[in-house]
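Protein chains: 2
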Amino acid sequence: MLTAASTGFSLSRQQQVLAALLAVLPARCVLSATEDTRPYECDGLAAYRQLPMIVTLPDTEQQVLAILQVCRELQVPVVPRGAGTGLSGGALPIADGVVLSTARLNRIVRVDAYARLAVVQPGVRNLAISEAAAPHALYYAPDPSSQIACTIGGNVAENSGGVHCLKYGLTVHNVLRVRVATIDGDIIELGGEALDAPGLDLLAVFIGSEGMLGIVTEVTVRLIPKPATARVIMASFDDVVTGGNAVANVIAAGIIPAGLEMMDQTSSRMVEPFVKAGYDIDAAAILLCEADGTHAEVAEEIARMTSVLEGAGASAIAVSNTEAERMRFWSGRKNAFPAAGRISPDYYCMDGTIPRKKLAEVLTGIARMEQTHGLRCANVFHAGDGNLHPLILFDANVPGEFERAEAFGADILALCVAVGGTITGEHGVGMEKINSMCVQFARAELEAFFAVKRAFDPHGLLNPDKAIPTLHRCAEFGKMHVSGGRLPFAGLPRF
Amino acid sequence: MLTAASTGFSLSRQQQVLAALLAVLPARCVLSATEDTRPYECDGLAAYRQLPMIVTLPDTEQQVLAILQVCRELQVPVVPRGAGTGLSGGALPIADGVVLSTARLNRIVRVDAYARLAVVQPGVRNLAISEAAAPHALYYAPDPSSQIACTIGGNVAENSGGVHCLKYGLTVHNVLRVRVATIDGDIIELGGEALDAPGLDLLAVFIGSEGMLGIVTEVTVRLIPKPATARVIMASFDDVVTGGNAVANVIAAGIIPAGLEMMDQTSSRMVEPFVKAGYDIDAAAILLCEADGTHAEVAEEIARMTSVLEGAGASAIAVSNTEAERMRFWSGRKNAFPAAGRISPDYYCMDGTIPRKKLAEVLTGIARMEQTHGLRCANVFHAGDGNLHPLILFDANVPGEFERAEAFGADILALCVAVGGTITGEHGVGMEKINSMCVQFARAELEAFFAVKRAFDPHGLLNPDKAIPTLHRCAEFGKMHVSGGRLPFAGLPRF
Numbered sequence: 001m002l003t004a005a006s007t008g009f010s011l012s013r014q015q016q017v018l019a020a021l022l023a024v025l026p027a028r029c030v031l032s033a034t035e036d037t038r039p040y041e042c043d044g045l046a047a048y049r050q051l052p053m054i055v056t057l058p059d060t061e062q063q064v065l066a067i068l069q070v071c072r073e074l075q076v077p078v079v080p081r082g083a084g085t086g087l088s089g090g091a092l093p094i095a096d097g098v099v100l101s102t103a104r105l106n107r108i109v110r111v112d113a114y115a116r117l118a119v120v121q122p123g124v125r126n127l128a129i130s131e132a133a134a135p136h137a138l139y140y141a142p143d144p145s146s147q148i149a150c151t152i153g154g155n156v157a158e159n160s161g162g163v164h165c166l167k168y169g170l171t172v173h174n175v176l177r178v179r180v181a182t183i184d185g186d187i188i189e190l191g192g193e194a195l196d197a198p199g200l201d202l203l204a205v206f207i208g209s210e211g212m213l214g215i216v217t218e219v220t221v222r223l224i225p226k227p228a229t230a231r232v233i234m235a236s237f238d239d240v241v242t243g244g245n246a247v248a249n250v251i252a253a254g255i256i257p258a259g260l261e262m263m264d265q266t267s268s269r270m271v272e273p274f275v276k277a278g279y280d281i282d283a284a285a286i287l288l289c290e291a292d293g294t295h296a297e298v299a300e301e302i303a304r305m306t307s308v309l310e311g312a313g314a315s316a317i318a319v320s321n322t323e324a325e326r327m328r329f330w331s332g333r334k335n336a337f338p339a340a341g342r343i344s345p346d347y348y349c350m351d352g353t354i355p356r357k358k359l360a361e362v363l364t365g366i367a368r369m370e371q372t373h374g375l376r377c378a379n380v381f382h383a384g385d386g387n388l389h390p391l392i393l394f395d396a397n398v399p400g401e402f403e404r405a406e407a408f409g410a411d412i413l414a415l416c417v418a419v420g421g422t423i424t425g426e427h428g429v430g431m432e433k434i435n436s437m438c439v440q441f442a443r444a445e446l447e448a449f450f451a452v453k454r455a456f457d458p459h460g461l462l463n464p465d466k467a468i469p470t471l472h473r474c475a476e477f478g479k480m481h482v483s484g485g486r487l488p489f490a491g492l493p494r495f
Numbered sequence: 001m002l003t004a005a006s007t008g009f010s011l012s013r014q015q016q017v018l019a020a021l022l023a024v025l026p027a028r029c030v031l032s033a034t035e036d037t038r039p040y041e042c043d044g045l046a047a048y049r050q051l052p053m054i055v056t057l058p059d060t061e062q063q064v065l066a067i068l069q070v071c072r073e074l075q076v077p078v079v080p081r082g083a084g085t086g087l088s089g090g091a092l093p094i095a096d097g098v099v100l101s102t103a104r105l106n107r108i109v110r111v112d113a114y115a116r117l118a119v120v121q122p123g124v125r126n127l128a129i130s131e132a133a134a135p136h137a138l139y140y141a142p143d144p145s146s147q148i149a150c151t152i153g154g155n156v157a158e159n160s161g162g163v164h165c166l167k168y169g170l171t172v173h174n175v176l177r178v179r180v181a182t183i184d185g186d187i188i189e190l191g192g193e194a195l196d197a198p199g200l201d202l203l204a205v206f207i208g209s210e211g212m213l214g215i216v217t218e219v220t221v222r223l224i225p226k227p228a229t230a231r232v233i234m235a236s237f238d239d240v241v242t243g244g245n246a247v248a249n250v251i252a253a254g255i256i257p258a259g260l261e262m263m264d265q266t267s268s269r270m271v272e273p274f275v276k277a278g279y280d281i282d283a284a285a286i287l288l289c290e291a292d293g294t295h296a297e298v299a300e301e302i303a304r305m306t307s308v309l310e311g312a313g314a315s316a317i318a319v320s321n322t323e324a325e326r327m328r329f330w331s332g333r334k335n336a337f338p339a340a341g342r343i344s345p346d347y348y349c350m351d352g353t354i355p356r357k358k359l360a361e362v363l364t365g366i367a368r369m370e371q372t373h374g375l376r377c378a379n380v381f382h383a384g385d386g387n388l389h390p391l392i393l394f395d396a397n398v399p400g401e402f403e404r405a406e407a408f409g410a411d412i413l414a415l416c417v418a419v420g421g422t423i424t425g426e427h428g429v430g431m432e433k434i435n436s437m438c439v440q441f442a443r444a445e446l447e448a449f450f451a452v453k454r455a456f457d458p459h460g461l462l463n464p465d466k467a468i469p470t471l472h473r474c475a476e477f478g479k480m481h482v483s484g485g486r487l488p489f490a491g492l493p494r495f
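Residue numbers (the working numbering), protein chains in the order written: chain L, 1 to 495; chain V, 1 to 495.
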């Protein structure tokens, strides 16, 4: 049997699967030449790359079912892929697997302004939903930084968040229904327009399941009215600890800002020359706090937030007076990742979540780790919901720096878990954080995840080896979460 | 083998299970005499009764695990029970089964005002959580009518709602974490304090799972700040259709009231002599619309709602000016069920959810069904979220009336499904609506539910035959949901 060393799959196996796929799909829906499959070898986590055996691009739900049937019959792993903007390697191909891209399932089925919902195919871009809803003064709230490019199918797979999720929730809070093609060849609909649905709440399980349970073929999202107005406060702080405490104070005052973001000095100095957002680059940290709603609500909330921030020790406060000014304040935050790319050859964007009261402690811990690992780290994050995005700056061409960045990242996540947080806020586990899952969860919890995975995918063909580590893997990694009251990892791995 | 005809279980089997339970539990935690188990023979759906073989009342999580171990080893069905206030028969005992009551797991573990959460055992009453949080000006939002008696464990099992769920969400939106004893003998923790958690979102699956997946031993709930003020509008309408359309108009105007309830004339006339809430009993329907928040927010929202209601054709509008008046306006709504008990020997409370725009159509349909079934029906409901609670009035002592009430109820649920709604809003499926599940779901969806059920309960011991009908049952019932694009029920039932 011929094996293509450069690709990792057997050519005869590729021919077999290709023939089966071409029997049920038009040729334009199947890519197998290396030059065609190359663009699919990684997602936004470009440090990990793997050429897939075959890429499929179905046009219809029936074609999705046909692809799944071929893969089930020939026992071929399937890696679903949205726009490929994911940051945790969830769409990283498998050497002997098929990538199923939802790019061509890109139709907006309908916008129902009265019921305040939109029905869209998975390949519709996040921002395109809000554009389609705009004539009705409605929009789709979750706004990942990649919203111009990322698609709703990928958002569902990763339970994506964004700047406004503190007030408006993550993808799971804004999706009403999904239609799913299962590996068994069924179409199921989960969720509905009502607040509650009978039966088990499998909608929530699908959202954030990283392609492990089925292929989403249609998504019904909730639309919400565009607020009449919005204003944002930019507050400066002389040290990071005071800034972190100010965040906790805003929330403790009973305010739920439309956005509550923090950037440390490394970040603001990285962004300002590039974006000219007007950031206070002498401040150790700046906070951006947005209020939205009616004019009266916004005026009242801006006044209350200003008072809390002043009381918490802000050294300067500016409030946007026009929509243009508001957009300018946000432009720096939204461009933090590209700015990191300008000052550093490579960066590694982390995504951990911690209790808000631990913000100051974790920021201090990350500063210490910069010394230990000999790398700089810019901190940009959704402070209001405790979701950190440390950007570890490194140069992959310097021997050892990539490995140090990985170790730095794992240490940050372990610190998040140690203070009572989690290893992901909105980017998912994917390939990147699979070992950290062993730190986060106990044996029985991982077993529960696998039991549900098996319920939908008995042969383990859907995005295998992503998102949930096997107990065997955790044993090899040498770590397993043990804490008071939880049962320790005991006996042989079952998986 | 001796069989007790009056109970439905074998006495020797009872002795066997009893001996095994007494070997691991103190005697005070186990009830087996008929006079002791009699109070557990039904829940709030008193039309269905069954004496259990044994009742257990564990004091600790370890005892919960011990009970589950005995039941697993002897293959005894387990029916979990909270306060027994459920309205769908979810806690109806099984003849040869053990009832596991969480009544003694009633400790408030801690209230963390800073993190805005409370950690409580499942037997803590819903209202007791808000009482414990009150010194911190916080409260727990979901407020079922039974909140003085019902417990958080039962709320989790049924995903309970309440008057304020339109704005603040159901139980699933207000629980951060559950700790669960599994039938396999593990303790797992699902969810967390962060907005998102890695791994599959099994927290949502447990909430509303009606005791089919495991026994909740600890619940972490979100607390929210008590609003500074609240006011409620009472609006009268000359006909039900106009009232129903007014509800849709309020929501379409972009307002999310803290409560939006509707009562028809049958209900207000039923309640008013009993409660003296000041209801307009000449109106065909009244709406109660509440605004809460800061004084400015409430003033603005009351003005906007008044304007929408007037525009929608309200014949009279009153607004509460004091907290006492607000409580009085609500007292009628909150006492609708007891009031039904005063004017009718029996009543059957339905719980279906429909798209708001179908309110008028469904109310007209129910009025027609009153003629067909020869029974009266009072309509009281969470209009804002389309959650109907028709109260079918009947007398069980009149031959045939119970059966007519059941048929009336099934017709209402079928109408809910036909207009795009669901068969339950917040009361669960339990025993009561299990046949209606065959109308609601397609084969593949029921199979998905069972697959997840089996993942947690491979031997089917946890509250079997509740909440999800077997395909066999649906085949016997003679109905199975079939709709455009869904796959029809084909082949033999697998379960």
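Since the hints were made in silico from the structure, they are not lab data. Mixed in with the good hints, there may be bad ones.
[To be verified] Label-pair restraints from in silico Cβ distances:
(1) 454/L / 303/V: 45 to 51 Å
(2) 361/V / 136/L: 39 to 45 Å
(3) 224/L / 299/V: 36 to 42 Å
(4) 296/L / 278/V: 55 to 61 Å
(5) 12/V / 472/L: 41 to 47 Å
(6) 238/L / 458/V: 44 to 50 Å
(7) 345/L / 419/V: 30 to 36 Å
(8) 8/V / 472/L: 45 to 51 Å
(9) 477/V / 295/L: 51 to 57 Å
(10) 361/L / 62/V: 29 to 35 Å
(11) 454/L / 310/V: 53 to 59 Å
Note that the Cβ used here is the ideal one computed from N, Cα and C, for glycine as well.
Going back to the hint list, which numbers does this structure go against? 1, 2, 3, 4, 6 and 7
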